[in-house]
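Chain by chain, the residues run as shown.
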Amino acid sequence: SAVISQKPSRDICQRGTSLTIQCQVDSQVTMMFWYRQQPGQSLTLIATANQGSEATYESGFVIDKFPISRPNLTFSTLTVSNMSPEDSSIYLCSVVISGTGEQYFGPGTRLTVT
Amino acid sequence: RKEVEQDPGPFNVPEGATVAFNCTYSNSASQSFFWYRQDCRKEPKLLMSVYSSGNEDGRFTAQLNRASQYISLLIRDSKLSDSATYLCAVSFTDKLIFGTGTRLQVFP
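Protein chains in written order, with my numbering: chain A, 1 to 114; chain B, 1001 to 1108.
Excised from the complex, chain A in its bound form (with noise of 0.2 Å):
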């Protein structure tokens, strides 16, 4: 497995407001992901983080709103930018273990825009 992090755990941040989110792994990974999962909801994959190239968004998500860095193979970031209520919610960020297929989580960040 591996051991990721992720800061900060939690913030409330007001409407309008960017917030950017900090992912590390302790090991080198070639996939990692960016989720997000609203109170009572499953789990909803907002783009695969590519290390020196653009990030791959899913339908529904764009760059502007989430854009996300990838310097190196242990590092990402997920920006929220220009924040609403409706992004209140809590993003999390998974690596695929190489050799395995086994994606593990970080312990997430609960956001709440007020």
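Don't take every hint at face value.
[Unchecked claim] Listed next, the in silico BS3-like pairs over lysine-lysine satisfying Cα-Cα at most 27 Å (straight line):
hint, chain 1, residue 1, chain 2, residue 2
1, B, Lys1079, B, Lys1042
2, B, Lys1042, A, Lys7
3, B, Lys1079, B, Lys1045
4, A, Lys7, B, Lys1045
5, B, Lys1045, B, Lys1095
6, B, Lys1095, A, Lys65
7, A, Lys7, B, Lys1095
8, B, Lys1095, B, Lys1042
9, B, Lys1002, A, Lys65
10, B, Lys1042, B, Lys1002
11, B, Lys1095, B, Lys1002
12, B, Lys1002, B, Lys1045
13, A, Lys7, A, Lys65
14, A, Lys65, B, Lys1079
Please keep in mind that the hints were generated in silico from the structure rather than gathered at the bench.
Could you slot chain B onto chain A? The hints should help.
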């Protein structure tokens, strides 16, 4: 039709009971299958991978039926600590798609 579907439950069972969850998927080209457990206000944790031959880990048994496109999770001798939401996940081209989860509540 959703890509991955689960009965949301809740399943309320007494300690010691056997409980089974099913999960159906729509993409016949799906490659890998998993069960995750998620406790309240925590991240999902990988419970088991699901292999074509099925696999067992203690009280937990997972099976895959490719022909009917479903996976199952069987929990025997339920414990209070098994209370959680169980999510199935199906992957295609390295992306995991999750079901909505089935909530299990084990009572004394």
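Against the structure, the hints:
1. B:Lys1079 - B:Lys1042: Holds, because 19 Å separates the two Cα atoms, which is no more than 27 Å.
2. B:Lys1042 - A:Lys7: 15 Å, holds
3. B:Lys1079 - B:Lys1045: Within the cut-off at roughly 18 Å; holds.
4. A:Lys7 - B:Lys1045: 19 Å, holds
5. B:Lys1045 - B:Lys1095: 17 Å, holds
6. B:Lys1095 - A:Lys65: Measuring from Cα to Cα gives roughly 21 Å; hence the hint holds.
7. A:Lys7 - B:Lys1095: 23 Å, holds
8. B:Lys1095 - B:Lys1042: 21 Å, holds
9. B:Lys1002 - A:Lys65: 25 Å, holds
10. B:Lys1042 - B:Lys1002: 25 Å, holds
11. B:Lys1095 - B:Lys1002: 16 Å, holds
12. B:Lys1002 - B:Lys1045: It holds: about 23 Å lies between the C-alpha atoms, which stays within 27 Å.
13. A:Lys7 - A:Lys65: 19 Å, holds
14. A:Lys65 - B:Lys1079: 43 Å, violated
Checked against the numbered hints above, the structure breaks only hint 14 and satisfies the rest.
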